[in-house]
Amino acid sequence: MSHFLDRLKFFSKNKETFSNGHGVVTIEDRQWEDAYRHRWQHDKVVRSTHGVNCTGGCSWKIMIKNGLVAFEMQQTDYPRTRADLPDHEPRGCQRGASYSWYLYSPTRIKYPMIRGRLLDLYRAERKSGKDPVEAWTAIQADEAKRKKYTGVRGLGGFVRADWEEAKEIIAAANVYTIKKYGPDRIFGFSPIPAMSQISYASGARYLSLIGGACGSFYDWYCDLPAASPQTWGEQTDVPESADWYNSTYIIVCGSSLPTTRTPDAHFVSEVRYKGAKVISMAPDYAEFCKASDLWMPVNPGSDTAAFLAMGHVALKEYYIDKQDPYFQEYARKYTDLPVQVMLRKHGDGYVSDRCLRASDFAGNLGESNNPEWKTIVFDAKSKTFVAPNGSIGFRWGEEGKWNLLPKNAATQGEIEAELTCIEGKDEVVSVGFPHFEPGEGDLLYRNVPARKLKLASGEEALVTSVFDMQVAQYGIDRGLGGANVAKDYNDANVAYTPAWAAKVTGVKAADLERTGREFAYNASKTNGKSMVIMGAAINHWYHNDMMYRGVMNLLHMCGCVGQSGGGWAHYVGQEKLRPQAGWAPIAFALDWQRPPRHMNSTSYWYFHTDQWRYETLRGDDLTSPAGKGKYKGYSLADYNVAAVRMGWLPSAPHWNTNPLDLVAEAEAAGATDEAGVAKHVIGKLKDGSLDVAFADPDNPVNWPRNLFVWRANLIGTSAKGHEYFLKHLLGAQNGVLQESGDGRENKLVKWHDEAPIGKLDLMVDVNFRLNSTGAYSDIILPTATWYEKNDLNTTDMHPFMHPLSEAVSPGWQSMSDWQIFKNIAKTFSTLAEKHLGTRKDLVALPMQHDSAFEMAQPFGEVKDWKKGECDPVPGKTMPLLKVVERNFADTYKKYIAIGPLMVKLGNNVKGLDWNTEEEYEQLKVVNGTVKEQGVSQGMPSLEEDIFVCDSIMRMAPETCGEVAHKSWSALSKKTGIDHHHLYAARHEDKITFRDIQVQPRKIITAPTWSGIESETVSYTSGYTNIHEHIPFRTLTGRAHFYQDHEWMLDFGEGFCVHKPPQDMKSFGNLSPSISQGKHIKLKWITPHSKWGIHSSYQDNLRMLTLFRGGPYVWISEVDAKAAGIEDNDWVEAVNANGSTIARAVVSQRVSRGMALMYHAQEKIVNVPGSNTTGKRGGILNSVTRVVIKPTNMIGGYVQLAYSFNYYGTVGCNRDTEIIMRKVADKDIDWLERPLTAEREAQLNPPGIGKR
Amino acid sequence: MSESIYSWNNLLFGIYPYLCLSVFVIGSWMRFDREQYGWTSASSQLLSNSGMRLASNLFHIGVIGIFFGHLVGLLAPYAIWGTIGLSSLGKQNIAMYGGGFLGILCLIGGAMLLWRRLTNPRILATSRKSDIFILIWVLITLTFGLATTFTTAHHASLGSADTMMAMAQWAKSIVLFSPKPELVANVEMVFRIHLTFGLTLFLLFPFTRLVHIWSFPIGYLNRSYQIVRTKRRTA
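Residue numbers (this note's numbering), protein chains in the order written: chain Z, 1 to 1251; chain V, 1252 to 1486.
For the record, the hints were derived by calculation from the structure and aren't laboratory data.
Be careful, since some hints might not be right.
[What the hints assert, rightly or not] Computed beta-carbon distance windows for the label pairs:
hint	chain 1	residue 1	chain 2	residue 2	range
1	V	F1384	Z	P700	56 to 62 Å
2	Z	K127	V	R1379	41 to 47 Å
3	V	A1376	Z	G1077	44 to 50 Å
Every residue gets a Cβ at the ideal spot worked out from N, C-alpha and C, and that includes glycine.
This is chain Z alone, in the form it adopts within the complex (with noise of 0.2 Å):
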């Protein structure tokens, strides 16, 4: 019907009315309600998710409309959990519910972007008869085009390309910085690979493949807790959030639940509602505190002094005042507790040094096999030292002991090992704890009951359990007389009482006394039921992992870790990539060629965007007198280098010369194998004629030349140090507000007076929506969205394989990351069959954590070959060498097949190996095989992401029966234990991509993880350890409490202290004007999110009308009224690293002293310009700077061995403080006016110079 006739009717419409007449009714025309409904009609439903690193991994029904995604619904047929546990769903959360805005918004990358300036170099100089590589070289050659470029990266002026074009320079640039500095000049950048993990897969096959080099996020984020590896040898291994549902006593902190894991928070309101008690600790009165019965509002960066104190008092209560039989029995078997450590003299007393071994008795005790590396107890029974099963010696070389089973290892006797020597105490001796509170004394004596032993050397050696300095750390009083110790809980004077706590943390000390005790009381009562749920508000600390170890110290003590409901749950990004072990090797193409290169991205950024130039930490700052102070005076990045020649941490570049010269020059030399090739380096590292490249970071031939940037926002969300980024490596406009120079300090790193500025040749940056990472790079390539391509996503908040599906044809000229690498692949083979043929390359491998080489260096002593202490040996004292040839021209032909090297050396993982060759034989049925001629012609067929996907699943035990079963079958026979009952029902299931597309489907137990899947358990992690007595990796095969490693003892991290935030000192070199006016100096807290998850979402216009429209920081009403601001003024936050600007969010909600930005707040929607750099206002990160940990470079010595994401240096950037102001409306500047040649040229600040 029209419109207009019916309009026509209008004086015949009412037909009666009511309710005296202020009713009617009425007929008439309602065609136009099928507007709404038309909006909700859709043509089919289809199954995907978002690959965004929230660990919701939520499944979704996508809504399809004439070819368009018309909306988003959370999926609701999620497999039942059992009978008496809520269930997962409905998952999703309002940034979920958001996305498919993205797909056809203003943001969306449709085409191959150039930045326009380069498209005309490169289209100059290909016209003038020059092919792709002589293109580039001739770009690269001439500073001045280069700078051309360069210099102009975040200012716009991009143009569309076409995919050839784009692909091509992509490949050319590839080949020319292959050639010239060396494969591990190029870089690749991807996070979270669970999150979509065949787009991870993709670049980083493509990068592997041709030598270049992926970077590790975990670490890089700060949200690895270095104190797992430390303390359990694991990376990360959490309960899932159905078992928070078991606990019955639940302390939250640093982890807001409702606002980042919203689809799980629901499990914590079910499980008060069962009569758990929660509590809360948090600085700000963040949502989760509303949740919770008590809420323990803390300083920030405290935590660790607050959870000592809990530790306290559990510990004094349950196993000085009396002896709780199931804490004693798990400290016992699962802990480090009773292992012996050895006393060393230090000025009037002692200090605790290394643990005692087995090769410090006569005979060894028996152990022929890694004596040295053979922990020892005292056995109640026998009353005798005993190595018993377990330690990290037994891991390696033989096969049976290496397991949590209480027995003496050499006769296989029962034995009880002894927690404290307190009755047969030989002496008490005096022994100094590391302090670090301001004003309190470095080293605290206290007294511990020690025996004496005579060791094999013929020495005299005192030596004492780990729990007994333990108690003695904590500051509790034993009745042994001597300083440091206290009577009762109200010594404010004596560390870690609950006064002394509420002195140095806020919160009252009754409530740190109530919660230590309830906790232990209930985790008594329950058998382990209460859990720390934590997160990357805590973790984002520099000392980070002292507040986690604080947690763990607490959880151990009462036996919580490894039961269900019970012990840490610490939720950051989405680490979990469920089927793990059949991915590895399709991401960095093992299947063709081993090893890869890794690098560490915290040491890699801190090196290469200078940000060590400018470092204000000393070393010396850092350190305790306890330690034996061999590496006095070294700076940051000093320790960085030294971790890098000995073989601890990697290196990208590794050397100061081309990897491939390298090689050529042995073999010209006369090498002929990987041994005469590594003579030859270790030759030349000896006269110095090579080195390690961070010796000397600024050099040219050491800069990161290609970067790739994928899946990610590097530039805008994680770029601590943001300004630094742009400044050094991009050579872009930037608002470093200092000159370099503190830095200059060093002993092993070389210094230049003049900075490097834009190090990289190109930029590719790969993604949907243009962000800052996009903003800055020189092409930005189309990608297909999450609706648009098939992958495979896994969380650590549930056990299910999610896909994410094709809803639609990608976008324009968009293309799945698996493609676009694929084509890359295709033209960079092209181009290097001409320019680079076959060639071989040196990879420098540090010792890995679980190989055999985590026990390179025995007792954690610190040998440095360069310093004379040693030779260097490859895999010993300096990383291995491994020589891998590569036929640069096969790049697309090995990465479109599974290699031959699954069938030749198998697959496995954390040193469980297992034939993989059934498993190849199916896939080639299963995906076809590779019919075009060449070197992989005949493999299983990878051409397509749903191929990749199910190669992954085929080979992962975790979907896979037949490889769940080949991998226990390896651990059982490490272990000497049975295993096989933990897969067995499901030893013939095969998880397929179609299958998951039907339904969520659980996964099956396999080692990779502690967890298991059951009927009658939740995931949670170190279950295995508890009860299948699997050991956890680490140095005694037992949980952590103490460290023994020299560096660790130089750091006084030898047990968990307190250490304050550390000062940065970042105003030092800030221009004294800017402190002027009104103005208040506030700590920098940046939590994640509501309206966001990192930088996703929050440009997405359905979120930005939830809150301010823009970036925006919180402050408390008290400095906001102190500095003069009100809410929703503009305010500047400012220090020597940049400066950002955002409206302020005045709110009691807010404690005084801190100002809180949530986290990956970008410049690309409504931010003006700073008015003190002139530049645009900045990121969260604009005023931070990223700042490295020794202890965290730790290698070669089991738990504290590098590996990619597994230990390393964190990108930690808490610890900031900020100078706050107003700035009013009229100075508000939003830059926009044309680029001038003065403007271009002003890179820097006004004001600032070139060092």
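Assemble chain V onto chain Z, guided by the hints.
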């Protein structure tokens, strides 16, 4: 007058009015049926409210007054005036002073709105070309309308209302479908320009935001508090 002038006059005031009115009616109808979501006043008040109360009210009071002034003045049966004892000169005076006053209100308001539309970056960025065009068109028409008051004043000073009467007769001839374009063939040029612009306003009407006039929510005045829109079909 020459033949050709008469032809033009016939075209403009004999045929063109029907073209304009046809487009006005059929165009509005079509747009209402086909573009329900485009049927809007496109208010920009949310983007910038400063000065809007004054400018918009001046403009709308003026323009609504003028519209009804024209409607009554031109189309009310002549007999009415006699009944209420209003002479044609008196009526002309009312038109002159009343119309002039409203016209000035409208002109001030309209000029403010135009200024705002062209200088406020947010308004300019969200303006369609037709928004700016139609506002200018209205203001030009209005200016010519105001200009006629001076001519009319001259007529009045001579004691004549003939021109006004002629135009009213012409308007009636148009709506009664017996067009007499010759009635306005000899009125002053300014009247004819004003007429042409005014007629064209009807022509442009369906293609612009002016369509919102159709939807003046007069029905709200008498609407029940509760409405049940039944699904029953009319028999």
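task: Mind listing which of the numbered hints don't hold for this structure, in increasing order?
output: The structure breaks only hint 3.
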